[in-house]
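Colleague: What follows is the residue order along each chain.
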Amino acid sequence: MTLYKKDLISINDLSRDDIKKIFEVTDLLRENIRKGRNLLKGFVLTNAFFEPSTRTRLSFESAMLRLGGSVISFSSVEAISIAKGESFVDTIRMLDAYSDIIVVRHKYEGAAKLAAEISEAPVINAGDGRNQHPTQTLVDLYTIVKKFGKIDGLNIGLFGDLKYARTANSLLQGLAIFNPSKIFLISPPTLKIRKEIRDLLNLKGIKFEEHDDVSEVISELDVLYVLRIQRERFSDPLEYEKVKGSYRVTLDLLKDVKDDFIIMHPLPRVDEIDYKVDGTKYAYYFKQAKYGIPIRMALLTLILLGEEVL
Amino acid sequence: MTEKELIVRKIENGTVIDHITPGRALDVLKVLNITGKEGLVVAVVMNVPSKKYGKKDMVKIENRELAEEEVNLIAMISPNATINIIRDHKVAKKFQVKIPNKIKNIIQCENPTCITRVEKNTISSFTLVSRSPIILRCDYCGAYIDLEAILKQFE
Chain V
1 MTLYKKDLIS INDLSRDDIK KIFEVTDLLR ENIRKGRNLL KGFVLTNAFF
51 EPSTRTRLSF ESAMLRLGGS VISFSSVEAI SIAKGESFVD TIRMLDAYSD
101 IIVVRHKYEG AAKLAAEISE APVINAGDGR NQHPTQTLVD LYTIVKKFGK
151 IDGLNIGLFG DLKYARTANS LLQGLAIFNP SKIFLISPPT LKIRKEIRDL
201 LNLKGIKFEE HDDVSEVISE LDVLYVLRIQ RERFSDPLEY EKVKGSYRVT
251 LDLLKDVKDD FIIMHPLPRV DEIDYKVDGT KYAYYFKQAK YGIPIRMALL
301 TLILLGEEVL
Chain G
1 MTEKELIVRK IENGTVIDHI TPGRALDVLK VLNITGKEGL VVAVVMNVPS
51 KKYGKKDMVK IENRELAEEE VNLIAMISPN ATINIIRDHK VAKKFQVKIP
101 NKIKNIIQCE NPTCITRVEK NTISSFTLVS RSPIILRCDY CGAYIDLEAI
151 LKQFE
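Chains as they are written, first to last, in the working numbering: chain V, 1 to 310; chain G, 1 to 155.
Just so you know, these hints were derived from the structure itself, not from any lab. It cannot be assumed that every hint is accurate.
Here are the computed lysine-lysine pairs in the DSS-like style, where the Cα-Cα straight-line distance is at most 25 angstroms [as the list claims (entries may be wrong)]:
hint, chain 1, residue 1, chain 2, residue 2
1, V, Lys107, G, Lys120
2, V, Lys107, V, Lys84
3, V, Lys107, G, Lys104
4, V, Lys6, G, Lys102
5, G, Lys104, V, Lys195
The calculated label-pair distances, taken between Cβ atoms and stated as ranges, are [unchecked claim]:
hint, chain 1, residue 1, chain 2, residue 2, range
6, V, Arg55, G, Lys152, 46 to 52 angstroms
7, G, Arg64, V, Gly42, 53 to 59 angstroms
8, G, Lys120, V, Tyr275, 45 to 51 angstroms
A few chain V positions that, by computed beta-carbon distances, are all more than 10 angstroms from chain G [to be verified]:
hint, residue
9, Asn131
10, Pro237
11, Pro268
Quick caveat: nothing in here was measured; it's all calculated off a predicted structure. Just so it is clear, CB atoms sit at the ideal spot from N, CA and C, and this is done for glycine as well.
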């Protein structure tokens with residue numbers, strides 16, 4: 001399958017081969033960033049951020065500019081006619097007329113899929129509610145591949161809010177495209193993965209275990225993917241404070257980890273990873289963040305031009 | 001009271017939906033979008049004895065043959081229903097309803113933050129995940145909906 005003129009709504013839209021292709025182009029663009037310099041000259045990308053985001057929006061913008069393309073954008077619904085009562089559907093129709101590709105971030109699940117049904121220009125989902133964040137997942141998978149050369153056979157732990165975090169939801173579906181040895185799901189009991197995701201893992205034959213104490217399993221892990229736990233998920237503030245204390249990565253926790261072990265985080269971090277951990281060889285989250293640009297550059301190139309051009 | 005005595009009367013042409021889960025006949029009409037205003041002759045029989053299931057509901061619709069695709073939707077709320085297409089007082093075709101793989105615009109997603117719930121003029125769309133028990137997945141937000149939640153929407 002080619003990605004040319006395709007939408008990217010869910011990581012499940014991609015096959016293992018598609019992901020491999022994206023990673024090959026990412027490698028190519030990383031080796032020679034100038035190679036991409038004028039590839040998308042004359043193309044216009046719209047960053048349609050119906051929900052605020054800095055990181056994802058700026059990384060798409062930077063990726064497009066590095067490829068020689070142009071960007072138009074808005075980053076809150078207050079700034080556009082939705083505030084005047086215009087429907088989401090009409091807004092997308094307008095953006096479709098203005099641009100060659102639309103990047104959508106929205107607080108409601110399914111918004112990007114709806115946009116893709118309306119728009120003739122390809123749509124990339126930059127996060128829809130708690131549902132999907134496929135470009136973040138590509139960055140995450142790429143980070144793992146760059147460190148270990150593979151995803152198959154690894155022990156991967158996800159740690160924190162597994163119920164509402166779209167990065168977790170999306171990454172689990174991404175990992176299910178591969179054959180990790182085992183996935184460790186470590187969360188407070190109230191923030192366990194949703195049944196939908198559990199079923200998907202079962203359906204794909206992915207081995208997984210659920211835990212609430214990370215120290216029980218950390219020595220078995222190759223990767224620990226840390227997720228922020230948000231205060232608003234707890235009705236009882238005391239309960240939140242309790243959970244916050246035990247869902248934290250500290251130097252002490254890292255005593256018995258594997259030599260090759262890495263810690264990942266989609267960022268922004270609040271205090272779930274102690275700053276002292278940043279200086280250890282396990283801290284991989286800033287490297288992971290850096291891959292955000294070349295991954296998105298590769299994706300934009302493959303969607304707007306196809307793979308023959310490179 | 002035997003099953004035979006209770007049957008309203010045999011119809012000449014049309015559709016008989018038999019073995020409807022007791023108490024669900026009116027919901028079946030809702031799913032089929034039959035309101036009575038179409039002018040069709042419709043007989044609804046509820047909670048009559050059934051050899052197979054103890055009790056059942058039945059719906060007879062005169063002079064209208066329902067398409068298989070259309071009646072399959074009622075499998076959502078009454079999985080054991082059987083359809084008899086009647087022509088000239090005889091059963092011309094008989095089949096059991098089977099829940100389709102895609103269900104559009106009949107039920108709404110349970111997830112309050114699904115785009116189909118907040119954006120006007122959207123058409124809900126679900127994919128069948130499991131037949132027994134019935135579980136559907138929203139094509140937009142990925143949320144599941146089970147039989148209990150589906151039935152609630154018809155109350």
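Colleague: Work down the list of hints and note, for each, if the structure agrees.
Modeller: Outcome of the hint check:
1. V/Lys107 - G/Lys120: holds, 16 angstroms
2. V/Lys107 - V/Lys84: holds, 18 angstroms
3. V/Lys107 - G/Lys104: Distance of about 23 angstroms is within 25 angstroms: holds.
4. V/Lys6 - G/Lys102: Measuring from Cα to Cα gives roughly 23 angstroms; hence the hint holds.
5. G/Lys104 - V/Lys195: holds, 23 angstroms
6. V/Arg55 - G/Lys152: 46 to 52 angstroms: About 40 angstroms separates the Cβ atoms of V/Arg55 and G/Lys152, which means 46 to 52 angstroms is violated.
7. G/Arg64 - V/Gly42: 53 to 59 angstroms: holds, 57 angstroms
8. G/Lys120 - V/Tyr275: 45 to 51 angstroms: holds, 47 angstroms
9. Asn131: violated, 6 angstroms
10. Pro237: Correct as stated: the minimum Cβ-Cβ distance to chain G is 23 angstroms, above 10 angstroms.
11. Pro268: holds, 22 angstroms
Checked against the numbered hints above, the structure breaks hints 6 and 9 and satisfies the rest.
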